[in-house]
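Chains as they are written, first to last, in the numbering used here: chain V, 1 to 289; chain D, 290 to 583.
Hints listed in this document are in silico derivations from the structure and should not be mistaken for laboratory results.
Be a bit skeptical, because a hint or two may be false.
SDA-like, lysine to any residue: derived pairs with alpha carbons at most 20 Å apart [to be verified]:
id : chain 1 : residue 1 : chain 2 : residue 2
1  : D       : K395      : V       : A283
2  : D       : K334      : D       : L318
3  : D       : K440      : V       : I59
4  : V       : K146      : D       : K395
Here the structure is a predicted model, which is why all the values come from computation and not from measurement.
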Amino acid sequence: MVSAPMTTERTANRRRATTQRAVVEALLALGALVFIAPLVLICITALKPDSEIVHFTGIFPRHTTLQNFHDILGNPEEIPIFRWFGNSVFISTSVSLLVVAVSSLAAYSFARLNIPGRRYLFPLIIGTLMVPGQVLLVPVYLILNKLGWLDTPLALIVPAGGGAFGFFLLHQFFVTLPRELEEAAELDGCSRLGIFWNVVLPLSRPAIATLFIFTFVGSWNDFLGPLVFLDSADKYTLPIGIALFQTSYYAEYGLTLAASVLCTAPVIAMFLLFQRYIIQGIATSGLKD
Amino acid sequence: MTGNRGRLALSRGISAYLFALPFLVLFGLFVLFPLVYGLGLSVFKWEMLSGTPPQFAGLANYREALGDQYVSKAMVATVRFVVMAVVPTIALALLIAMGLHAVSAKRQAFYRAAYFVPTMITITVAGILWRWFYNSEFGLFNAYLGQFGIKIPWITDSGWAMPSIVLMTLWWTVGGPTVVLLAGLQNIPVSYYEAASLDGATGWQRFLHVTLPLLRPVLLFVGVLNVIGAFQVFGQVYMITNGGPELTTRTMVQLIYETAFNNYRIGYAAALSWLLFLVIAVFSFLQFRLSREK
Numbered sequence: 001m002v003s004a005p006m007t008t009e010r011t012a013n014r015r016r017a018t019t020q021r022a023v024v025e026a027l028l029a030l031g032a033l034v035f036i037a038p039l040v041l042i043c044i045t046a047l048k049p050d051s052e053i054v055h056f057t058g059i060f061p062r063h064t065t066l067q068n069f070h071d072i073l074g075n076p077e078e079i080p081i082f083r084w085f086g087n088s089v090f091i092s093t094s095v096s097l098l099v100v101a102v103s104s105l106a107a108y109s110f111a112r113l114n115i116p117g118r119r120y121l122f123p124l125i126i127g128t129l130m131v132p133g134q135v136l137l138v139p140v141y142l143i144l145n146k147l148g149w150l151d152t153p154l155a156l157i158v159p160a161g162g163g164a165f166g167f168f169l170l171h172q173f174f175v176t177l178p179r180e181l182e183e184a185a186e187l188d189g190c191s192r193l194g195i196f197w198n199v200v201l202p203l204s205r206p207a208i209a210t211l212f213i214f215t216f217v218g219s220w221n222d223f224l225g226p227l228v229f230l231d232s233a234d235k236y237t238l239p240i241g242i243a244l245f246q247t248s249y250y251a252e253y254g255l256t257l258a259a260s261v262l263c264t265a266p267v268i269a270m271f272l273l274f275q276r277y278i279i280q281g282i283a284t285s286g287l288k289d
Numbered sequence: 290m291t292g293n294r295g296r297l298a299l300s301r302g303i304s305a306y307l308f309a310l311p312f313l314v315l316f317g318l319f320v321l322f323p324l325v326y327g328l329g330l331s332v333f334k335w336e337m338l339s340g341t342p343p344q345f346a347g348l349a350n351y352r353e354a355l356g357d358q359y360v361s362k363a364m365v366a367t368v369r370f371v372v373m374a375v376v377p378t379i380a381l382a383l384l385i386a387m388g389l390h391a392v393s394a395k396r397q398a399f400y401r402a403a404y405f406v407p408t409m410i411t412i413t414v415a416g417i418l419w420r421w422f423y424n425s426e427f428g429l430f431n432a433y434l435g436q437f438g439i440k441i442p443w444i445t446d447s448g449w450a451m452p453s454i455v456l457m458t459l460w461w462t463v464g465g466p467t468v469v470l471l472a473g474l475q476n477i478p479v480s481y482y483e484a485a486s487l488d489g490a491t492g493w494q495r496f497l498h499v500t501l502p503l504l505r506p507v508l509l510f511v512g513v514l515n516v517i518g519a520f521q522v523f524g525q526v527y528m529i530t531n532g533g534p535e536l537t538t539r540t541m542v543q544l545i546y547e548t549a550f551n552n553y554r555i556g557y558a559a560a561l562s563w564l565l566f567l568v569i570a571v572f573s574f575l576q577f578r579l580s581r582e583k
C-alpha cells in the first residue's frame, strides 16, 4: 500500500525524463537539418537553369538540367577544372605524405630516443602552435621567392612539413604506447629504424590515419596559401580556381554552384568514410595538453 | 668502460637527431626563421615596387600604423567580429554538445556528423553559397522574407554586413568546438551527476555546479583557440563582402594581405602582422589569467 504512490511518482519521473529526452532530440534533429540544408541546396540548385536561380521560384527546379555540369566540365580551355582538380589532389597528397613522414620520425625521436636538448627544443616547437599563421605569411613569401618556388606546387608542399601540429599529435600518441614491444624488438637485435618501421608505425595506424586525413582536408581547403603563392591559372588549386572563375563568371550562378559541388564532393566523401578518425583526432588534440 | 658508454650515448644522440632532422630543418626554415625574419622586416621601410632597397627605419612602421586611419578601421572591424562571433560560437557549441550528449550513441554519431560537415567545406564554396543566400535581389533569404514584405540589406548595409558575416561563420565553424566540448562532457564521470541528484540538485544547478567547473579546462582551450582564429578572420570577408560596404568588414588580415601583395609595402605589412600578433597574445594571456583567478 505504501509503495503505491512511490511507484506512480517514479513512473511520472521516468515519463518526464522520456519526454524531456524526446524534446531535446527533436531540437537536435531540427538544428542538424538547418546545418545540412545549405549543402543540399547547393546540389539541388546546381541542377537548375540560370533563369530559375536569378528569379527564385522555389527550392526545387522546375526544369532539372545537367547543363551546368556539362558546361563546366566541357570547357577545358576556359575553365581548366580537371587541371585544378589534379593540382589539388597532387598537392594535398604530397603535403599529407610529407607531414606524416617528417612528423612521425621527429615525434618518435622526442618521445623515445631521448634527443639531447629535448628540454629546450620541445617547448620551443610546441610554443609555435600559438603563433597565428598571418605572422609568417610575408616572410615565408620572401623565402619562397628566394628559393624560386613561387607559382610552383613546392611553395604549398614543402613549408607544410615544418608545422608543429602533426609533430605534437603523434608525440602525444607515441608516449602512450607500451614500451615492452619496442624493448623486445631491441633485444632481438632490431635497429632503431627497424623498431620504428616494424613496431611503432603499425601500432600507430589510427593516429597516423587521423593526421593524414586532417592534413589532407586542411590542404585541400587552404585558401590564403594558394591565393598568395600561386599566380598562373594552370597552377591553381580547386578552391582558388573556383574563386577566380567566380569573379569572371559573376552572373552565372549555376556554373559556380556546379563547380562548388565538384569541389566539395571528394571532401564530404572522405569525411563520411573516415569520420571516426577525424572526430577522434579533433577531440583528442583538443583534450590532451 | 665509461668511454664505451660515452660513445654509445653519443651515437644514440646522433641517431636521435637523424630521426628528427628533416622536421627540424623544415621547422627552422619555414616557422622559426620566418618568425624572426618578420620581426626584422617590420623595422625596415621596404616598398618593393619603388625598386629602392630596404632601409632601416626603426619603429617608423609601427608609428605610422598607430596613426593610420585604415589600420584603426580594420582593427575596429576585427574586434567587432571577435566580440560578435566568439561568445555565440562557444555558447552554441556547448548547447549542441549537451544535446548530443543526451542522445543514444548511435544517433549521436549521426547528428554529430551533420553539425560537423560544414567545417569540412572550403571557404570558397561556403562563401559563394552564402553570398547567394544574402543577395538582395535574388538571394534565398530575401526571397522567403519577401513573402512577408521584409527585405534585409544583408551585406549591402554597413550595419548589417558584419552580423551577416558572423551568422555565416557560426554555421561554418561551430562543428569543431562542438566535437571537443562533447568529448569533454563525456569525460565527466556520471557518478558526479548522480551524487548531485541525490543532494536534490535541479538540472540547472547540476549544469552550474558540476558541468561548468569540470568543463572549464576544455572551455578555456576552445575559447583561446577560437579567439586566436577569430582575430585572423579573412576568407569569409574576402569572399562575401570583400571588405565592404565602406570598409566596415575589411579586417586586419585582409589589410595585411592587401598591403603586402597588392601594394607590396613589405616592411609595413610585417609591422601590421606583428601588431596583430601582439593584440592576439595579450588577449590569450588575459583569458588564461581570468580563468585562473575564478
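How the hints compare with the structure:
Proposed proximity of K395 (chain D) and A283 (chain V) is supported: the alpha carbons are some 18 Å apart, at most 20 Å. Distance restraint check for K334 (chain D) and L318 (chain D): the Cα-Cα separation of roughly 24 Å exceeds the 20 Å cut-off, and the hinted pair is therefore not satisfied. Between K440 (chain D) and I59 (chain V) the CA atoms are separated by roughly 19 Å; this keeps the pair inside 20 Å, and the hint holds. This hinted pair does not check out: K146 (chain V) and K395 (chain D) have alpha carbons roughly 53 Å apart, beyond 20 Å.
Checked against the numbered hints given earlier, this structure breaks hints 2 and 4; the rest are met.
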